[in-house]
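Please model the complete structure; the sequences and the hints are all you need to start from.
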Amino acid sequence: MNDSIIPFIIFIIIFMAFWGKLNTFDLFVDGVKEGLNTVLHLFPILLGLFLAINLLRASGIINLLSVIFNPIFSFFEIPGELIGLILLKPFSGSASLAISTNIMEEYGVNSLITFVAAIIMGATETIIYSISIYTGNVKKKLSYKVLILAFLGNFIAIVLASFLGRFFY
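All residue numbers for the sequence shown refer to our numbering, where the first residue is 2 and numbers rise by one.
Hints listed in this document are in silico derivations from the structure and should not be mistaken for laboratory results.
Glycine included, C-beta positions come from ideal geometry on N, C-alpha and C.
Be a bit skeptical, because a hint or two may be false.
Mimicking DSSO-like on lysine-lysine, the simulated pairs with C-alpha atoms at most 30 Å apart in a straight line are [stated by the list, open to error]:
1) LYS141 / LYS34
2) LYS22 / LYS34
3) LYS34 / LYS142
The calculated label-pair distances, taken between Cβ atoms and stated as ranges, are [claimed, not checked]:
4) GLY21 / ALA124: 42 to 52 Å
5) ASP31 / ILE69: 45 to 55 Å
6) VAL110 / ILE13: 41 to 51 Å
7) VAL160 / GLU107: 18 to 28 Å
As structure tokens, this is what we get:
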């Protein structure tokens, strides 16, 4: 988007406020208060999620899960070097970004492993993060069916990423 659109948007907001005889500043303050309440409500959820991710990484459980899931990923011809990325992506975008950066540094940016990792980063979602934010914000109980379908969709995306990566590389 072009930066020149920003003054245009500001002009539209001011015009709409004058035309509708709205108290724009009070509306702005109310919006800020609502945003602050949302942040305060979601902070404990985010803190717990980040703590759990760091504990998993520091304890070595991710490495253990890599060994356990290696036969499954080998069956689908998913490179074993990507198991850590695949296991962390549903939980943390920043942790998976760090792992994909390490993959790029180790294998180079012009390798099949890096190509598949890039497709996985773009095709999958941070499921637990997204669902916890959504359920925390709308105050709904988490359904196991949502988790199963979300993980199934992520797994299909990973298998397709590996296949398409080999096909187009």
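Against the structure, the hints:
{"no.": "1", "hint": "LYS141 / LYS34", "verdict": "22 Å, holds"}
{"no.": "2", "hint": "LYS22 / LYS34", "verdict": "22 Å, holds"}
{"no.": "3", "hint": "LYS34 / LYS142", "verdict": "25 Å, holds"}
{"no.": "4", "hint": "GLY21 / ALA124: 42 to 52 Å", "verdict": "43 Å, holds"}
{"no.": "5", "hint": "ASP31 / ILE69: 45 to 55 Å", "verdict": "51 Å, holds"}
{"no.": "6", "hint": "VAL110 / ILE13: 41 to 51 Å", "verdict": "42 Å, holds"}
{"no.": "7", "hint": "VAL160 / GLU107: 18 to 28 Å", "verdict": "23 Å, holds"}
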